[in-house]
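Visitor: Each chain is listed here by its residues.
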Amino acid sequence: MAERRKNEEMKNPKTSLDAAEPESDMPDSDKPRTRDSMGKPATPQKPDARLGREVQARIGQQLRAMYDEIVNQGVPQHINDLIRRLSDQD
Amino acid sequence: MKLDPAIRDQVLATVPSLRAFAISLCGNIDRADDLVQETMLRALSHIDSFEPGTNMPAWLFTILRNLFRSEYRKRRREVEDADGRYAETLKSHPEQTGRVEFEEFRTALAKLPSDQQEALILVGASGFSYEDAASICGCAVGTIKSRVNRARTRLADLLAIDGVDDFGPDRATRAVLAGGGRS
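Taken in order, these protein sequences are the chains called W and U.
Our numbering applies: residue 1 is where the first sequence begins, and numbers increase by one.
Our numbering applies: residue 1001 is where the second sequence begins, and numbers increase by one.
The set of hints was computed from the structure by calculation and includes no laboratory data.
Don't be surprised by glycine CBs; every beta carbon is placed ideally from N, CA and C.
Keep in mind that a hint or two might mislead.
Ranges between beta-carbon positions, derived for each pair [said to hold, decoys possible]:
#, chain 1, residue 1, chain 2, residue 2, range
1, W, 85, U, 1141, 33 to 43 Å
2, W, 72, U, 1007, 17 to 27 Å
3, U, 1107, W, 85, 32 to 42 Å
4, U, 1111, W, 85, 13 to 23 Å
Just chain U, same shape as in the assembly (with noise of 0.2 Å):
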């Protein structure tokens, strides 16, 4: 069975953004192409259960969470080159984020259970909306609204408090982060 070329360009399409979600989720550029690579093999297999003119995007974001939460998180921990490869994957642009304050809020990410990195990184940064995420994650609107807010004031408290007692070098980047600027 050959694929209709337009539901394959709105699979290609989605690539780029699934695979920001992937590397979000596992913090390590390998296993997250492997992820997406994954997804791809399972969502062309079984193409035949999208429904054209439904929402590919949320299809494929529901297929990687999926096996994502079966296989992958198990093992997220396993954080072992995930800096150093991240780094190297990512073209530093100064003039948009600071390379150590990028790091510094992966960092306080990395820090939020799951479900709420998940919930935040979907509405924050995907751009879906309520809806679609709570489809993709399995749960009810209600349900990611919350988590999205825990996150927030989560990622909030980390990122600012790490800034109070701190008097190295980070310090001033925190501040920044924080909203205050250099004194």
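So here's chain W without its partners, still in its complex pose (with noise of 0.2 Å):
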């Protein structure tokens, strides 16, 4: 269901962030902000503000792909042969 919504929202994000309200399980300090003061939609063009939690867990997840990509990769032969050089000189 969840699911469905969001490629909803994606089609079409004006009328999604409506259906989109009574599901949300986020304190209301912690909703984006997606309406001005004046009940109309703030920034229709921004509904994706309210998949917070799961993009937010995304962002960690490829972050860390994209760091541990690199990490994997040890250490590159001429550092190393740098850093053992280095450190038997007198």
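Assembly of the complex is requested from the two constituent chains, each provided in isolation within its own frame, with the hints serving as guidance.
Guide: As structure tokens, this is what we get:
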């Protein structure tokens, strides 16, 4: 259900803001601001602010995946050689 | 002066993560490796100023960041060959992360102001505490927290918004990234 709603949101951001409202489990203070004080959609081009937590989780995963791909390459040979050479110098 | 092998091993053990941080900052493998090399020269010639028992990774990251700030940041916009080189260096693991999705993430990350970028990487990927990250960046802990928050918000915006009006070939990938899956 939630998955389908997000897809609808992506296709039709203007109407899906209302549809998403009742199921939100975020406390009011954490809710992204999608309406201004006049009750109009404040940022109709940014419906995905509502995706909050899932997007944040994915950002964390992506960040670590990107980083770990490099970490897993280990120490490049020329840097390893440099460190060993410098640490043996008198 | 010969370096204590235990210290040398601590330096070696930090290099992979230091290099990942450098690549995140530079967006270019060759430049990042130069930066790591320069950091090693600087660190090992000033190894006396490292207090044994303190945080070696934080010490090396601080040196690298200062070098990057002073010399590399101004050249950051020259991303000539960055994407190709980067893709070439990374081995693709389709079971983990789709390549297109991965590149899109990196592109979004590169759009962040560099102070937000580095805060997010230090805390979210390198695994430093907010306190260590603040020490590495020479700012208050609260500043790091606020930079990390702004970085996350901005990334969420960049990654999600891109999917709204785009019906091109990347749309499915963007939908996945935004948490929606394929309809």
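Visitor: Tell me the hint numbers this structure goes against, listed in increasing order.
Guide: 4
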